[in-house]
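K.L.:
The sequence shown begins at 36 in our numbering and counts up by one.
None of these hints come from the bench; they were simulated from the model.
Note that the Cβ used here is the ideal one computed from N, Cα and C, for glycine as well.
Each hint should be verified, as a subset may be incorrect.
Here are the simulated BS3-like pairs of lysine-lysine, each with C-alpha atoms no more than 30 Å apart in a straight line [as the list claims (entries may be wrong)]:
{"#": "1", "residue 1": "Lys395", "residue 2": "Lys449"}
{"#": "2", "residue 1": "Lys449", "residue 2": "Lys421"}
{"#": "3", "residue 1": "Lys449", "residue 2": "Lys439"}
{"#": "4", "residue 1": "Lys426", "residue 2": "Lys439"}
{"#": "5", "residue 1": "Lys395", "residue 2": "Lys426"}
{"#": "6", "residue 1": "Lys421", "residue 2": "Lys439"}
{"#": "7", "residue 1": "Lys349", "residue 2": "Lys421"}
{"#": "8", "residue 1": "Lys306", "residue 2": "Lys395"}
{"#": "9", "residue 1": "Lys396", "residue 2": "Lys426"}
{"#": "10", "residue 1": "Lys476", "residue 2": "Lys492"}
{"#": "11", "residue 1": "Lys306", "residue 2": "Lys449"}
{"#": "12", "residue 1": "Lys439", "residue 2": "Lys476"}
Per label pair, the in silico range of CB-to-CB distance [unchecked claim]:
{"#": "13", "residue 1": "Arg106", "residue 2": "Gly65", "range": "17 to 23 Å"}
{"#": "14", "residue 1": "Thr491", "residue 2": "Arg241", "range": "34 to 40 Å"}
{"#": "15", "residue 1": "Asp169", "residue 2": "Glu597", "range": "57 to 63 Å"}
{"#": "16", "residue 1": "Asp501", "residue 2": "Asp169", "range": "46 to 52 Å"}
{"#": "17", "residue 1": "Glu128", "residue 2": "Arg660", "range": "36 to 42 Å"}
{"#": "18", "residue 1": "Pro376", "residue 2": "Arg125", "range": "49 to 55 Å"}
{"#": "19", "residue 1": "His455", "residue 2": "Asn266", "range": "40 to 46 Å"}
{"#": "20", "residue 1": "Ala563", "residue 2": "Arg125", "range": "37 to 43 Å"}
{"#": "21", "residue 1": "Thr671", "residue 2": "Asp501", "range": "37 to 43 Å"}
{"#": "22", "residue 1": "Pro215", "residue 2": "Arg105", "range": "21 to 27 Å"}
{"#": "23", "residue 1": "Pro225", "residue 2": "Asp161", "range": "19 to 25 Å"}
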Amino acid sequence: MEFPHKRLNRTPGGFGRIPVTGISPVIECGTYPVKAVVHERLRITANVFREGHDAVAASVILTSPSGRQRRIDMRQIEPLGLDIWEAHVRMAEEGEWSYRVEGWSDPWGTWVHHAEKKLPVGVDVDLVFMEGRDLLERAATHADQVGVHGAAQLLRGAADSMSEAASDADEVLELVTSRPIMRAMARFGPRELVSPSAEYPIRVERRRALYSSWYEFFPRSQGAWQDEQGNWHSGTFDSSHERLEAAARMGFHIVYLPPIHPIGSAFKKGKNNTLDATDADPGSPWAIGSAAGGHDAIHPDLGDFDAFDRFVQKAHSLGLEVALDFALQASPDHPWVQEHPEWFTTRIDGTIAYAENPPKKYQDIYPINFDNDPVGIYHESLRLLKFWIDKGVTVFRVDNPHTKPVDFWDWLLKEIHADHPEVIFLAEAFTRPQMMATLGKVGYQQSYTYFTWRNTKWELTEYLTDLSTTMADYYRPNFFVNTPDINPFFLQSGNPAAFSIRSVLAATMSPSWGVYSGFELFEHEANAPGREEYLDSEKYEFRPRDFDAQPNLNLLIGRLNEIREEHPALQQLRDVQFHHVPHEEIIAFSKTDGDDVVLTVCSLSPDHDVYSEVYLDFEALGFDRDRPVVAHDELTGEEYQWGERNFVKLYPAQPAHILSLRQ
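Produce the entire structure from the sequences given, and follow the hints as far as they go.
P.N.:
Listed below in structure tokens is the structure:
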């Protein structure tokens with residue numbers, strides 16, 4: 036018969052000799068990996084306890100993709116009665132990692148507890164000394180075995196201090212609980228009844244999967260022009276190089292292009308999404324496919340594949356990555372409609388169902404049916420992604436992924452990751468929370484968010500708290516300030532301060548943020564009252580712009596990206612702290628990474644001056660209450676001396692402080 040204490044417990048759902056439970060982060064019982072990027076700080080927690088009063092401890096055992104293991108000891112945190120242990124880990128290598136938590140009996144911790152009780156009052160002194168010497172000598176032997184002879188000598192010296200009958204108990208206790216001895220014992224001391232948990236996966240990706248700045252533009256609008264007869268001529272990839280240079284100057288990392296494929300003529304949409312399009316109207320880029328080809332073709336007006344190659348090479352020379360839209364849908368003119376009618380849904384009257392999101396209708400788009408021929412459409416999707424990856428595309432913004440089966444994305448993203456772990460997918464999913472969360476779990480590196488509709492202090496505080504805590508292990512937000520589909524109500528006044536406020540919030544709250552071109556020129560007119568759609572939307576017409584026209588937000592956007600690049604605190608998601616401000620139209624939050632601390636204090640009112648006090652949480656920031664804080668404003672260059680209570684005044688021309696804090 037095998038007794039429980041004779042074996043290590045790895046039985047799922049079972050407990051070892053030292054129970055380990057409540058392990059976090061774990062995604063869907065370990066079915067999917069926890070998300071992390073290289074050098075990101077990841078918090079691991081567990082409940083570890085045992086019967087009786089003997090001391091326990093816990094460690095994280097981290098296994099790298101190459102199989103090398105590293106032990107990180109955990110510490111117990113308040114409230115102690117809840118038996119919560121935590122450790123923070125960073126991983127320096129991309130790939131598939133795993134971790135487990137080991138609970139173990141801590142004889143040294145038990146001995147110290149007893150010694151601190153007994154030695155000062157002279158109880159069992161000889162026995163306590165004997166037990167302490169044994170533990171110290173065992174630890175010294177361990178240190179010698181691993182070649183750390185200095186620690187071994189230190190520990191043997193401590194053991195010798197308890198070998199004399201006349202040893203002063205108080206002096207011995209002071210010695211063996213000193214920092215050097217306690218650190219050496221934490222490293223080399225005995226660990227008994229070691230009880231490991233199951234192994235849980237962590238996927239460590241490149242940093243761009245978490246930290247990125249996106250700029251979206253339509254190539255067909257860049258360099259578009261009208262002839263004397265009023266006929267439009269499309270911009271091209273070659274005429275878009277200037278926009279790449281501008282994006283690089285503003286500090287963006289990724290340029291995102293809406294679909295670049297041929298556009299169908301059936302039910303083509305005219306200006307402002309009307310059905311009375313003329314031959315002169317370019318149509319919606321999302322109505323993909325015509326006689327000129329489908330998802331693996333380029334719209335002839337934009338250029339050929341050589342022009343696309345030049346565009347990608349130009350982007351790379353500027354330090355930019357190119358993101359393409361991956362929209363799994365088709366125009367009625369797409370070759371798929373004739374070649375693979377089974378990939379669509381046929382109604383009872385024999386017609387193919389077009390896309391609808393009542394009251395919106397998209398007669399120019401056929402959705403894909405994934406159930407009639409899953410093998411066919413799955414592998415065609417995989418082929419298309421690999422086709423564009425081979426063309427130098429490393430990022431895909433996926434249109435409406437929530438309207439496709441989750442198990443399809445689970446399969447497809449695994450297939451791509453296996454061969455191209457560098458590729459990043461952004462989910463354009465403005466939908467129910469569970470669907471958005473699940474898309475993150477099955478492999479999407481980033482996602483659009485509800486930020487567009489979070490404007491008040493309580494909304495922003497609640498949302499960022501959720502994103503940075505409970506969701507951070509599987510869901511990476513990208514705070515786009517606007518999109519071709521969303522003209523936020525907050526911006527529809529056209530007040531430049533509103534645009535500044537949303538820029539500051541997006542760039543400092545989220546490690547990834549995005550801007551759709553026209554935002555920097557304060558474009559704001561809605562196509563109808565109460566609608567979040569742009570008047571004269573670029574989705575349906577050419578919109579060449581003078582990006583140097585005044586006023587514009589180019590300098591602020593550039594400076595925000597520069598600040599983000601200079602401060603690791605703004606490149607991470609998990610360490611966010613809100614600070615109390617009595618005024619409801621001022622929000623204050625800090626982000627921390629190591630010694631880098633950045634505090635954003637931002638007005639939420641684009642129309643009025645606001646002033647209040649900001650109460651810094653020194654304890655949360657790890658600051659000494661007896662020392663002042665130097666606050667350097669990254670936007671203006673000014674420096675202030677702050678304490679726990681500070682007065683701020685913000686106004687539309689200067690609605691925010693972005694302060695780097697140091698003591």
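K.L.:
With reference to the structure, classify each hint as holding or not holding.
P.N.:
These are the hints, each one checked on the structure:
In summary, the hint linking Lys395 to Lys449 is not supported, as the alpha carbons are separated by about 33 Å, beyond the 30 Å threshold. Taken as a hint, the Lys449 and Lys421 pair is honoured in the structure, with Cα atoms around 13 Å apart against an allowance of 30 Å. In summary, the hint linking Lys449 to Lys439 is supported, as the alpha carbons are separated by about 16 Å, within the 30 Å threshold. The hinted pair formed by Lys426 and Lys439 meets the criterion: a straight-line CA distance of about 25 Å does not exceed 30 Å.
With a C-alpha separation of about 34 Å, the suggested pair Lys395 and Lys426 falls outside the 30 Å cut-off, and the hint is violated. A C-alpha spacing of about 19 Å is found between Lys421 and Lys439, which places the hinted pair at or below 30 Å, so the restraint holds. The hinted pair formed by Lys349 and Lys421 meets the criterion: a straight-line CA distance of about 21 Å does not exceed 30 Å. Proposed proximity of Lys306 and Lys395 is supported: the alpha carbons are some 15 Å apart, at most 30 Å.
Using a Cα cut-off of 30 Å, the hinted pair Lys396 and Lys426 is violated, with the two alpha carbons roughly 33 Å apart. This hinted pair checks out: Lys476 and Lys492 have alpha carbons roughly 28 Å apart, not beyond 30 Å. Distance restraint check for Lys306 and Lys449: the Cα-Cα separation of roughly 40 Å exceeds the 30 Å cut-off, and the hinted pair is therefore not satisfied. Between Lys439 and Lys476 the alpha-carbon distance is near 15 Å, which keeps this suggested pair within the 30 Å criterion.
For the pair Arg106 and Gly65, the supplied restraint of 17 to 23 Å holds, since their beta-carbon distance comes to about 20 Å. Evaluation of the 34 to 40 Å hint for Thr491 and Arg241 yields a pass: the beta carbon distance comes to about 35 Å. At about 59 Å, the CB distance of Asp169 to Glu597 agrees with the hint of 57 to 63 Å. Checked against the hint of 46 to 52 Å, the pair Asp501 and Asp169 passes, with Cβ atoms roughly 50 Å apart.
For the hinted restraint 36 to 42 Å between Glu128 and Arg660, the CB-CB distance of approximately 39 Å keeps it satisfied. For Pro376 and Arg125, the hinted distance range of 49 to 55 Å is satisfied, since their beta carbons lie about 52 Å from each other. Here the CB-CB span from His455 to Asn266 is close to 42 Å, well matched to the stated 40 to 46 Å. Between Ala563 and Arg125 the beta carbons are some 50 Å apart, a value that contradicts the proposed interval 37 to 43 Å.
The hinted window of 37 to 43 Å between Thr671 and Asp501 is violated, with their beta carbons roughly 32 Å apart. For Pro215 and Arg105, the Cβ-Cβ distance of about 23 Å falls inside the hinted range of 21 to 27 Å, so the restraint holds. Take Pro225 and Asp161: their Cβ atoms lie about 21 Å apart, and the range 19 to 25 Å holds.
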